[in-house]
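Enquirer: Next come the chains, spelled out residue by residue.
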Amino acid sequence: MVAVLTRIFGLQNIELAEDVVQDAFAKALKEWTYAIPENPAGWLMTVAKNKAIDTVRRQRYQKEFAADVAPLLKSEYTVQPVIDKLFMETEIQDSQLRMIFACCHPALNEMEQIALTLKTCSGFSIDEIARALLSNNEAIKKRLQRARQFIADEKLQFDIPLGDDLKTRLDTVLNVLYLLFNEGYNSGSKETLIRKELCEEAIRLSVLVTENKFTSYPKSFSLVALMSLLASRFDARLDENGEIILLQDQNRSKWNYDLINTGLNYLNKSAEGDEICEYHIEAAIVAQHSMADNFEETDWNQILELYNVLVQINPSPVVSLNRAIVVGKLKGTAVALKVIQSIDGIDKLIEKNYQFPATLGELYSQLFNYKEAKSYFEKAILLTNSPAEKKLLQKKMNNLLNIEKQ
Amino acid sequence: MSEFLFLFRGGEGKTLQQSPEKWQVHMQKWMQWMGGLKEKGKLIGAQPLTPTGKTVTSNKKVVADGPFMEGKEMVGGYLMCNADNIDEAIEISKGCPILEFESGIVEVREIQQMPGSN
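Sequence order for the protein chains is A and B.
Numbered according to this note's numbering, the first sequence spans residues 1 to 406.
Numbered according to this note's numbering, the second sequence spans residues 1001 to 1118.
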């Protein structure tokens, strides 16, 4: 609803849009105490639409509304028809897409983009956003304030860019949505419910992107595929104590096979056309795991081939690290270690990113080299901020110490 | 480029309002006509007028009900737009939905620029 109203009032009046939505919900709370209407969503939309017309009539000479409809809003001949039109289903989806694009404007920083998307596209409260992003209300309010100020100062238009601008902006949008997903998937927060909502919102918004003919590029589909496949493991990743369960130990009956099927469907759709991006390969890798009945039956050859492609698209050290692990599955731990040691700048990486010492620790313990393993695990524990990760590494180290004693 | 005022007279506004479906269809035509003008950047404004009003007359400022005119003389609304010249304005006015009716009249008037810098 905020998206549609912003289409009418203009980006500069986004808070007015939020107020009208608030009013509509307040009215619902009052009038639904005795009976809930058959179509609650429709009811809310109608109320919001009527309030929009009232607001326009009251303020059309005081406020500047959305530039492309302002003259039509000012005339009594057209105010009702134009608002009716914008509340139609296709227009609603269009407005939602514009909103995502507006929130992910490249001039805003990542935190601002995420906070704005959660607030305006997903309707999260400041409180919920703060809990989701492991921040506090004041910090979130400040970010939203800055983002809104920027929008007003730059007089941003509420539309989807065209041509080359569209492609660049789409990349930013997909990036933000993926970040949003990761906040929910990898968060150190204990609040499972909110984390799940973050993942679900990221997927929902990405699906919206695939449904608009201007933005339904293969990479959009591939992102939905990646997110769906990862999200399918949500219930199997943490135990009752909130501790991480590794892929090899996950109870695959807890995987959500509907999501896996959705993911595979989107992966297929993303294969149309000749553009490949990171999300494609990452999704294909996750799909390989999703299709295996258990860890032992995973097709490591196929996965290695995918990593070989991924390394070319994204030659980052972390990708090389993950590739090395797969090499280890096929050619043995010693080979994996050699591959890792040959990563560019590996010495510095071991001191900076916990994933490197953590992996080395794991590989050395497979070779029964407890001294090396321990020292790497200790380093990893110091480097990670995630309490769940720390616990996992600690557990591995404790296992080592137990074996050593025996 | 000048500004033009269209005054709408006649038409069958009252009868139309009896039938919600017909009214909807008719209003859509206004939407199309004005929307098209807006797209071209020519629309300045437009409003319908209530059928009754008052008249204030002479320096005695007498207020009376009125004007009481025949339906076809009554001004029902106006639209202001930009156009290069009266010919273009006339072309634009031909798209007005009020002309669907026998009794519909559009009066096309150019805004008079007062003396001053030009």
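Hints may be right or wrong, so weigh each one.
Here are the simulated DMTMM-like cross-link-like pairs (lysine to aspartate or glutamate), alpha carbons at most 20 angstroms apart as the crow flies [as the list claims (entries may be wrong)]: (1) Lys1029/B to Asp68/A; (2) Lys1038/B to Asp84/A; (3) Lys1038/B to Asp68/A; (4) Lys1038/B to Asp165/A; (5) Lys74/A to Glu1003/B; (6) Lys1022/B to Asp84/A; (7) Lys1040/B to Asp159/A; (8) Lys1038/B to Glu91/A; (9) Lys85/A to Glu1107/B; (10) Lys1040/B to Asp68/A.
Honestly, the hints are just simulated from the structure, not real lab data.
Enquirer: Now tell me, hint by hint, if it's right for this structure.
Expert: Each hint tested on the structure:
Distance check on the hinted pair: Lys1029/B and Asp68/A sit about 19 angstroms apart at the alpha-carbon level, within 20 angstroms; holds. With a CA separation close to 18 angstroms, the supplied pair Lys1038/B and Asp84/A stays within the 20 angstroms bound. For a cut-off of 20 angstroms, the pair hint linking Lys1038/B to Asp68/A stands: about 8 angstroms separates their Cα positions. Proximity of Lys1038/B to Asp165/A is assessed by CA-CA distance (about 26 angstroms); at most 20 angstroms being required, the pair is judged violated.
With a C-alpha separation of about 18 angstroms, the suggested pairing of Lys74/A with Glu1003/B holds against the 20 angstroms cut-off. Restraint check for Lys1022/B and Asp84/A: the C-alpha separation of about 17 angstroms stays at or below 20 angstroms, so the hint holds. Distance restraint check for Lys1040/B and Asp159/A: the Cα-Cα separation of roughly 19 angstroms lies within the 20 angstroms cut-off, and the hinted pair is therefore satisfied. Of the pairs offered as hints, the one joining Lys1038/B and Glu91/A holds, with about 19 angstroms between alpha carbons and a cut-off of 20 angstroms not exceeded.
Distance check on the hinted pair: Lys85/A and Glu1107/B sit about 30 angstroms apart at the alpha-carbon level, beyond 20 angstroms; violated. Straight-line distance between C-alpha atoms of Lys1040/B and Asp68/A comes to about 11 angstroms, which keeps the hinted pair within the 20 angstroms bound.
Consistency with the previously given hints fails for numbers 4, 9, ordered from lowest to highest.
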